[in-house]
Amino acid sequence: MLKTINLKKVYPNGEEALKGINLEIPNGQVVALIGPSGAGKSTFIRTINRLVEPTSGKVYFANEKNDITSLNKSKLRKIRRQIGMIFQEFALVERLSVMENVLSGRLGYVGFWNSFFRKFPQKDIEEAFRLLQRIGLEHMLDKRADELSGGQRQRVGIARALIQNPMLLLVDEPTASLDPKNSRQIMRLICELCKERNLAAIINIHDVFLAQNFAERIIGLKAGEIVYDGKASGLSEAILTNIYGEEDWSKTVAN
Amino acid sequence: MPIIKQKDYKTWKKFDRKRDLLNWLCWFLGTLIFSLCFGLISSNTIWFYVFDSHNEALDLLGRMIPPETNYFYTLIKPIWDTLNIATIGTTIGTLIAIPLAFLSANNTTPSKKFIRPLALFCIVSSRSINSVIWALLLVAVVGPGVLAGIIAIGLRSIGFCGKLLYEAIEEIDENQIEAIEATGANKAQIMTFGIVPQILPAFTSISIYRWDINIREATVVGLVGAGGIGIELDAQIGDLAWAKVSVILLTIVVAVVFSEWITAKIRKAII
Numbered sequence: 000m001l002k003t004i005n006l007k008k009v010y011p012n013g014e015e016a017l018k019g020i021n022l023e024i025p026n027g028q029v030v031a032l033i034g035p036s037g038a039g040k041s042t043f044i045r046t047i048n049r050l051v052e053p054t055s056g057k058v059y060f061a062n063e064k065n066d067i068t069s070l071n072k073s074k075l076r077k078i079r080r081q082i083g084m085i086f087q088e089f090a091l092v093e094r095l096s097v098m099e100n101v102l103s104g105r106l107g108y109v110g111f112w113n114s115f116f117r118k119f120p121q122k123d124i125e126e127a128f129r130l131l132q133r134i135g136l137e138h139m140l141d142k143r144a145d146e147l148s149g150g151q152r153q154r155v156g157i158a159r160a161l162i163q164n165p166m167l168l169l170v171d172e173p174t175a176s177l178d179p180k181n182s183r184q185i186m187r188l189i190c191e192l193c194k195e196r197n198l199a200a201i202i203n204i205h206d207v208f209l210a211q212n213f214a215e216r217i218i219g220l221k222a223g224e225i226v227y228d229g230k231a232s233g234l235s236e237a238i239l240t241n242i243y244g245e246e247d248w249s250k251t252v253a254n
Numbered sequence: 000m001p002i003i004k005q006k007d008y009k010t011w012k013k014f015d016r017k018r019d020l021l022n023w024l025c026w027f028l029g030t031l032i033f034s035l036c037f038g039l040i041s042s043n044t045i046w047f048y049v050f051d052s053h054n055e056a057l058d059l060l061g062r063m064i065p066p067e068t069n070y071f072y073t074l075i076k077p078i079w080d081t082l083n084i085a086t087i088g089t090t091i092g093t094l095i096a097i098p099l100a101f102l103s104a105n106n107t108t109p110s111k112k113f114i115r116p117l118a119l120f121c122i123v124s125s126r127s128i129n130s131v132i133w134a135l136l137l138v139a140v141v142g143p144g145v146l147a148g149i150i151a152i153g154l155r156s157i158g159f160c161g162k163l164l165y166e167a168i169e170e171i172d173e174n175q176i177e178a179i180e181a182t183g184a185n186k187a188q189i190m191t192f193g194i195v196p197q198i199l200p201a202f203t204s205i206s207i208y209r210w211d212i213n214i215r216e217a218t219v220v221g222l223v224g225a226g227g228i229g230i231e232l233d234a235q236i237g238d239l240a241w242a243k244v245s246v247i248l249l250t251i252v253v254a255v256v257f258s259e260w261i262t263a264k265i266r267k268a269i270i
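Protein chains in written order, with numbering that gives the first Met the number 0: chain A, 0 to 254; chain B, 0 to 270.
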């Protein structure tokens, strides 16, 4: 479903964030991407929908011929509609209502003036109601996003990504701004929704425990290179030491 | 080297000796310059008038009181003109400032090399010329009257609103923009869904603030013939009709208090 070939990113300051990532993700698979800060996790998922332009390499999406890196602007926008994204700081438009934030996921399908006057198609509005009910926020739809708590905001972020009806979810540290209880609930929600819709997802997460518990496959990234790719149960002390550095990993692995 | 080693202990001072001397020298030079300037100004002042000024002020006040209250009715039209100059001028100014601000802001300008400097130049030139000077020029160009005042106020407001607005645009949260971009939205949609909601509070408070300033400026542009209550003020001072001048000043005070009240109300309602 998604295949990257020798994907590289060098920032203008010379920093090599990605040193040639080769990765293949089949339909409906939830992958956790772990690694220390600065390993290139955020850069990697942003090079897939080209919020960050990759320096070289290819990203095939949906089929072997569809190379995202070679698309022009308007074709790229069409592809972006099929890739949902969830962010660490939620990245909701703070001064818009919950409903507007959810519906903004449909912007790629709606013309400018219709979006300007907030005239969304009836089926989008119905889908927004359904999603808000699924995430348990249907009573909040008129609230402004900045009135919500962290966990509620992330749920709205999830609804905004899902209303795109995507084939792939890119999830950037969804729990880093949340408390442990909300973290677990949000991870569970994302994984459940992926299963319901047979969605593939790449989840950047630095919490090894959450990654092991919720993802079937784990990829370890270190300084822009893949150093582990396998089952969650396959993580050993030696592997974690390789990814993160020297530390007592025995308790983490025991879990 | 703020740590000073003595024989058997070390101590700490904020500055070393060299810096102490430099500080002392600066204070000395500052005092010297102040005294010299004071001497110069003093020798150019006729102190007799200064010491007499309280008598003059009392005399003027005596002529202003009692104000000629009937005169107020002839002021209704000019003060209405003044309010209109301020309101229409502010509207025109902010409307032109919006596109200029988007062209000037680092993160929204279409071209950093060419368009941005051009837009910044427009903003700076509008800001650097006072509205009275704009009014003087415009009275010569479009003739005396309300129109000259409106354009003068508008031209001056472009720079003020443009600068504050483009700074607000540069301070937006890029994460929210990124999220809208990731949904496949186009440039215009990113602007209306991502940028506009973030700068709307800044925009309203900037334009209300400018309107508040413009009410006061609109009273002054009349002094050079650009319409409103200033024309009346200029005429009555020329006639030495101090009882009428006091009515004008009171009217201006009332108008400004009124505008303060309105802006406070609007701010409360919007933000």
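Keep in mind the hints are simulated off the structure, nothing from the lab. Incorrect hints may appear among the rest.
Selected chain A positions facing chain B (Cβ under 8 Å, derived; list incomplete) [claimed, not checked]: (1) Glu-88; (2) Leu-95; (3) Gly-104; (4) Lys-118; (5) Gln-163; (6) Asn-164; (7) Met-166; (8) Trp-248.
The calculated lysine to any residue pairs, modelled on SDA-like cross-linking and capped at a C-alpha distance of 25 Å, are [unchecked claim]: (9) Lys-267(B) x Gly-110(A); (10) Lys-180(A) x Phe-115(A); (11) Lys-186(B) x Thr-251(A); (12) Lys-72(A) x Ser-96(A).
This structure is a prediction, so every number in the text was calculated from the model and none was measured. Cβ coordinates follow ideal geometry from the N, Cα and C atoms, glycine included.
Hints the structure fails to honour
Going through the list in order, the structure violates hints 4, 6, 7, 8, 9, 10, 11, 12 and respects the others.
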